[in-house]
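> Dock chains B, C and D against the given chain A, drawing on the hints supplied.
Protein chains: 4
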Amino acid sequence: MPPAHPFDSSYLRDAADEDKLKEECGVFGVIGVTDAANFVALGLHALQHRGQEAGGIVCHHPEHGFNSARRFGYVRDNFTKQSLMETLPGPLAIGHVRYSTSGGKAPVIRDVQPFFGEFAMGGAAIAHNGNITNADALRKELIERGSIFQSNSDSECIIHLMARSLQRTIPERMEDALRRVEGAFSVVAMTRTKLIGVRDPLGVRPLVLGQVADGWVLSSETCALDIIGAKYVREVAPGEMVVINGNGVESHFPFRPQKPRFCIFEHVYFSRPDSIIGQRSVYETRRQIGIELAREAPVEADIVCPVPDSGTPAAIGFSHESGIPYAMGIIRNQYMGRTFIEPTEQIRNMGVRLKLNVNRALIKDKRVILVDDSVVRGTTSRKIKEMILDAGAKEVHFRIASPPTAWPCFYGVDTPKREKLLAATMSEDEMRDHLQVDSLRFISLDGLYRAVGEASGRDASCPQYCDACFSGEYPVKPSDQIEKGFELKAAE
Amino acid sequence: MPPAHPFDSSYLRDAADEDKLKEECGVFGVIGVTDAANFVALGLHALQHRGQEAGGIVCHHPEHGFNSARRFGYVRDNFTKQSLMETLPGPLAIGHVRYSTSGGKAPVIRDVQPFFGEFAMGGAAIAHNGNITNADALRKELIERGSIFQSNSDSECIIHLMARSLQRTIPERMEDALRRVEGAFSVVAMTRTKLIGVRDPLGVRPLVLGQVADGWVLSSETCALDIIGAKYVREVAPGEMVVINGNGVESHFPFRPQKPRFCIFEHVYFSRPDSIIGQRSVYETRRQIGIELAREAPVEADIVCPVPDSGTPAAIGFSHESGIPYAMGIIRNQYMGRTFIEPTEQIRNMGVRLKLNVNRALIKDKRVILVDDSVVRGTTSRKIKEMILDAGAKEVHFRIASPPTAWPCFYGVDTPKREKLLAATMSEDEMRDHLQVDSLRFISLDGLYRAVGEASGRDASCPQYCDACFSGEYPVKPSDQIEKGFELKAAE
Amino acid sequence: MPPAHPFDSSYLRDAADEDKLKEECGVFGVIGVTDAANFVALGLHALQHRGQEAGGIVCHHPEHGFNSARRFGYVRDNFTKQSLMETLPGPLAIGHVRYSTSGGKAPVIRDVQPFFGEFAMGGAAIAHNGNITNADALRKELIERGSIFQSNSDSECIIHLMARSLQRTIPERMEDALRRVEGAFSVVAMTRTKLIGVRDPLGVRPLVLGQVADGWVLSSETCALDIIGAKYVREVAPGEMVVINGNGVESHFPFRPQKPRFCIFEHVYFSRPDSIIGQRSVYETRRQIGIELAREAPVEADIVCPVPDSGTPAAIGFSHESGIPYAMGIIRNQYMGRTFIEPTEQIRNMGVRLKLNVNRALIKDKRVILVDDSVVRGTTSRKIKEMILDAGAKEVHFRIASPPTAWPCFYGVDTPKREKLLAATMSEDEMRDHLQVDSLRFISLDGLYRAVGEASGRDASCPQYCDACFSGEYPVKPSDQIEKGFELKAAE
Amino acid sequence: MPPAHPFDSSYLRDAADEDKLKEECGVFGVIGVTDAANFVALGLHALQHRGQEAGGIVCHHPEHGFNSARRFGYVRDNFTKQSLMETLPGPLAIGHVRYSTSGGKAPVIRDVQPFFGEFAMGGAAIAHNGNITNADALRKELIERGSIFQSNSDSECIIHLMARSLQRTIPERMEDALRRVEGAFSVVAMTRTKLIGVRDPLGVRPLVLGQVADGWVLSSETCALDIIGAKYVREVAPGEMVVINGNGVESHFPFRPQKPRFCIFEHVYFSRPDSIIGQRSVYETRRQIGIELAREAPVEADIVCPVPDSGTPAAIGFSHESGIPYAMGIIRNQYMGRTFIEPTEQIRNMGVRLKLNVNRALIKDKRVILVDDSVVRGTTSRKIKEMILDAGAKEVHFRIASPPTAWPCFYGVDTPKREKLLAATMSEDEMRDHLQVDSLRFISLDGLYRAVGEASGRDASCPQYCDACFSGEYPVKPSDQIEKGFELKAAE
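Chains A, B, C and D supply the protein sequences, listed in that same order.
Take 1 as the starting number for the first sequence in UniProt numbering and just add one per residue.
Take 1 as the starting number for the second sequence in UniProt numbering and just add one per residue.
Take 1 as the starting number for the third sequence in UniProt numbering and just add one per residue.
Take 1 as the starting number for the fourth sequence in UniProt numbering and just add one per residue.
Bound conformation, chain A alone (with noise of 0.2 Å):
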């Protein structure tokens, strides 16, 4: 394996929701319109939570050639300074915010995408939501035969391989790259006049694509299309690639067709709820979601409390659906940002209460049902389980808005090691037991799928989305993670 890269700087980690599955990526691209980076950056602010490490942008002037900026922290505090946004001109840009890097080490501005590449035919840029399941293979090839990377970043292969290919032009270079690597990939890439968006075959991750004005926009997620007042237009298929220049938008398939398998996940947690998914408010999927959990696990109660701010769709459906008053029990404090000091021993779960605060005179002598949108270590849940019951409830009773999350994510979500997941190795009572609380209820599989619009729940056979986080059935293998000795589901 090749040695790590030396790193540059470093960096402190966002102490906010520790414990949820993070999302890796956001992808935005823009053609046709005056000052296309100022719409990126616009788009990159709505597509902050996918990504809250560092953002980048590059974009191309026919004068003033590609131009470019990466910055750690969030696209309010960089891409707002018309300092900067003055040296990013032009009509075509494409950005991107992330999460962090694959490895352990500090995250450093090479490893920031979009990644840029000089070909003989001229210049081009790329930014990927995803992960390579082969990076590693490809690396190792790629750098036997000379190339030099310059970052830590799987994505990073992909501009290799295209340097590589012996196409004439770069899409047909970038299908040439794509069609080497596994994994899952929403690509949004740019030359000096094109705009191109690609999907992977089983369409993991999302990609949708919208106009403004003249021009075209592609976009991780509607809610970005919203703050630039962009018109939704349609999803990138699976397996698409679309090229955008003057002319408009030419669809084509590079890939052998296979089933799609969106990421299920999108609908529980990752995507805003004001997002739209396959036709779907995100929202109104998850107070589907809670609807169904109040039907398969009612329990007795007096309030009805989400785990702010991702359980509050479910909430309120759960409070329709069993008729139990909707109470906000925890207030989350609007200001958080980086970790505090922790002031002496006497205090104890500091790192919860800077985020969250019980409403104590609310909470008291209630007994309190808390719907949270997922457990993964369950280190938060047990947290707030004490600040309630510290503030004087009587019961209380966790209902989770997907199913126990027992397998990693390998297809561009930050997941712990599967031995760090509370439900690979509890079961639901173990876990109620763990987490001392009164009651503990998952939603089933098959009541997820149903919330989503699979009035049938769940095909086993060939499931509809991908939902290898809890089912352990991985639709593309993670090569290089058995390499390093990650193993699969056993065969049932």
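I should point out that these hints are in silico values taken from the structure, not numbers from a laboratory.
Accuracy of the hints is not assured; some may be wrong.
[Said to hold, decoys possible] Below, simulated DSS-like cross-link-like pairs (lysine-lysine); rule was C-alpha separation at most 30 Å, straight line:
no., chain 1, residue 1, chain 2, residue 2
1, D, Lys81, A, Lys81
2, B, Lys366, B, Lys383
3, C, Lys81, D, Lys383
4, C, Lys231, D, Lys394
5, A, Lys20, B, Lys81
6, B, Lys366, A, Lys81
7, C, Lys231, D, Lys366
Bear in mind the structure is a predicted one, so any value in this text is a computation, not a measurement.
Okay, now just chains B, C and D, sitting in the frame of chain A:
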């Protein structure tokens, strides 16, 4: 009038919530703990909603004396750096967050509290929440007598009055000084050995007392006690001065007693919903406002949506009382911060869109009740209405959780000039037409009083609260403002 | 004694020249030009050798009023940014560079001059070069009478004394204030319409008057007139106050006349060699010192080398008089700045080596005369000697261009405590042995007086200069220091 | 030609010395010491005169692997921060300071060396002083074969050539790569275990070997050995590759031998006067140039003044030989840095005045000989002449310590285009008239050769040095430049 003071730097005002009244300050102090400044940092973080522009901490250590730090920006971004916090040692510290200067000039670090003064008997620092209504007159008098002001802040008068007092102790000098001061004030102060808290005789602004381990805490709100795990003891009473040292809490009442007039807007908007004021949960009060509003101003509709986040509890109450389902029709972007550069004129209403997005799929073809906490200029209400209609709503009904805001506040809240207040120049019906909504109703003043627990409503002869912003009845004469031309409400 | 003031930030002291006396301040002011602050920035840059720690500018514009900026660090790094300079408009400005605070605490921005005060008749700003020898007593008195000090700087007394004066105009109040002040001061001040300069009755610190286009300039040294192309007019006389407005320069003499005692060390080290003091070129005076030194203390050797850069003119003079060739035996690194981390203990004497390197090939096997301007603690001299011997010199002879520095300065120069001055505890021979050099000779006090143009040397009964650092004869009683235990030289 | 690369940030060019040739780089490496990066920081500080724009360090630690930092600005401002240096552990490190990019675009951090590459057998970093004259051709070829360039730097070719070599070890791959490269290069490189140094066959740029404690050092100049207390061992020979590990120094000669042609301008200006080149003190060589110049071009005058600081040794030599007194007629401001905003048009020649001031009292009524190291565009010479005359000099005679600079350098020095070089279009007399001085004389090429120790002057048939900037005789064909239209000197 004295000349304006020179300023040092420029600063970008936060664009979010530009159409709300702003609490100008939060105060916090601790004595008797290790590294008190860390506790103050946490407390100020929990009080950040009371002032986002700047924060300051002064502390005292027996060996290292007084130390201080003042910074623009959020507490989380400044007072979390170990290198800074290490310069703030000792068991006694006070802090302050603030929204803005009284003047219109760019903010300067010299205006950031706490203020510090050396007296013949030692140093003292004070942090002030409120506003001194005779500050201009006091300042003029003090300058004529040879005081040198270092800030543009009215609060600096207090420290100069203390410096000129002939009393022998700092608490006595503070009494002397505060007896000269008119207006609303909750003060947290410290000497080398004492933590001091004072509320004005009307008790307009809040101040509570708590206990943490062997130490004592003073805070604007109880939510800041929770974050450090402190126990709520009681409110500091209107007109009370508490002086706390190693021997415990001494109570004084240096002012002529008056009937209290607590700010009713703290219940409506300023305080955090998880705080407790006068034994009442703020969240519950707001939910009650929603219930009252549903009784006073019912309307047929499909969903009740809060304008996030401040309208949420009242919307829950409205839904509960009316039976109309509660729903999240508007989604707030959690990553909002400074303003973006407007990309082009194609994009209108960007200010609101950066912060809020409509849940289009939910809103379409619905009759929507929007519950908001208040209407100030009306600019944001209008934009929200447009976004809702643009998403396809059939009807839009505004329900406002406070009476019409028709008068400016002179007691520590940032309000526009009277002529900018929509309710100062329009009736409820005129406002409805102006906003072009299907209906617009405010809670009545009596309804609001009922919601805060006054079963028989407002006692017009002797109101139980300060409600000047609604009624125009100012419990303390705003003498500086009258000097500048402000006209009181004509006697009826 | 009053308690120390809280401080705000930490700052790294410049490591270079740590074994020199330091001038504490330079002052500069301009009236009657467009964008006066730009002129002041240039002037302060030319005076940077008088104070490297921090700089400040206050200016006034008829419309924009007073504005100011204070910054730590070099003028070139702060006052060259257009974004900052644009906040400093107007035809009238003053500025200040300083070396350090009087106390030992970390420097704070509040201590950076000019100081500003609002008086009943308008604002005024002052910048002060020198030291007030009765500042502690004044400060104590002012605090007892109710003044609030905002800095640790003695110079702040002046503004408080002005605030308490009963005079009607600011210049009159300044006269009032300065009559209460003892010590050495050259003050540059401004009101909204006037530029004011004052020197103490002894004229210890320099101040010159210049003309640029239609405007007037006040500056510590003439080299700062050159940089803005100003014409040198004359020195402000000892005890004189000049008040400059649109009508020209008015001259006042508010103090009781005394025989002048200009600081002789300005000739030796503080002033720049290209400045002119009392009609004499500083460079030429220093060259004359070298000539006198060669006459007083000749020695056989191969080369005469300056300790760069301050020893250079005297070395040129020494070489000229002795006929021994002048050579650059020590090379100064032009890029010196903050301290480096010492890599390991293997490397000794790094502090000096970072700044100076021996020209080894030149020095080897030579008898070397090293000419330095002064010996303070002797620490640097010792390290230089070691470097020279290490490079293979056969003999090392130190020749010092000033008499032994045996007494601290209390008139605006940073000197170590008396016991740290090598010459306070050792004779010339003992110092030679201590430094382990082949010979060590200082110029005599009479020789120094001859070099500055007093043909018959020092008039012991009534010295023509302040030479307290050499003679221990203090022309103004250092009363604060005596209070703190400093012992004057016993009468002989 | 490949498209321009996108750039990331803007940067202000240092204003000082804008009329000098600029060495583009300095290199430094250490192996076998604790915390090698600290040594490299010190070494780069001593080499700062060879490149002020940016610096970089790469290091390797057996546990922590490769780490790196690249920064714009001075070494002292970046590589002195403990927080940064702690991220650079290990016993092996190399570093680089550079003046500028080859292109005209804004500098970007990606162009800052050392460059790093992962190969199949491990990582390697290289730092390059010099210029590759066939870089454009190599880059084009490499891109066509699929290499992705990450910088605009010609030096990156080396790492890509190494990546494509079929050799088994990194030193062998480096030999392979450097055999493809034309031009001038002194390279310092490292693997995980080895420090490597190489000079091109002509030895145009310097590189020396030293020893410190148990470790070894490679440096552009000996002055950087002195700063870390290292012992000078020898020069790396032209065409030599040294490979250093725990077992000591191995020497290879991978290139076809050629007669060396060291850059003669290193003696004249680039190297520091306290460095030793080819057994000769640079200071002494420059003093000899002054002596030769006094013999070749004597003139009657009152004083000899250097243009500081580079003209100083030659002025000392000129004074010594001519008997005319040496004097500091021009004083350099030690605090020079970035450009100032020009205050108004009243002030001309500010660029020079910020850096240099005339010692007016000395110059007045004198006949002045000014000794400068070179004349490039002549712009500064003209301004200095004006300042000298403005101060009242009677006559101004320029004596230049190098022959007329008539040709650009293509071997790692930043020179203006040929048409901007004053000497390319004017004879010595024409230049004198152009500068309007009383006389102007350059040293002859033979005189310069004598001064560097070639007693019989230049061997025209086979010059002992590279003197292309004076003679137009380029020892390596500048093929990229010829491709772009540069015309070689016509054969005579």
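> Each hint needs a verdict: does it hold in this structure or not?
Hint by hint, here is what the structure shows:
1. As the CA atoms of lysine 81(D) and lysine 81(A) are separated by approximately 28 Å, the hinted pair is consistent with the 30 Å bound.
2. Distance check on the hinted pair: lysine 366(B) and lysine 383(B) sit about 18 Å apart at the alpha-carbon level, within 30 Å; holds.
3. Between lysine 81(C) and lysine 383(D) the alpha-carbon distance is near 25 Å, which keeps this suggested pair within the 30 Å criterion.
4. Between lysine 231(C) and lysine 394(D) the alpha-carbon distance is near 20 Å, which keeps this suggested pair within the 30 Å criterion.
5. About 25 Å separates the Cα atoms of lysine 20(A) and lysine 81(B), which keeps this hinted pair within 30 Å; it holds.
6. A distance of roughly 39 Å separates the Cα atoms of lysine 366(B) and lysine 81(A); the hinted pair therefore is violated under the 30 Å criterion.
7. Annotation: proposed proximity of lysine 231(C) to lysine 366(D) holds, straight-line Cα distance about 21 Å (limit 30 Å).
Of the numbered hints listed earlier, the single one contradicted by the structure is hint 6.
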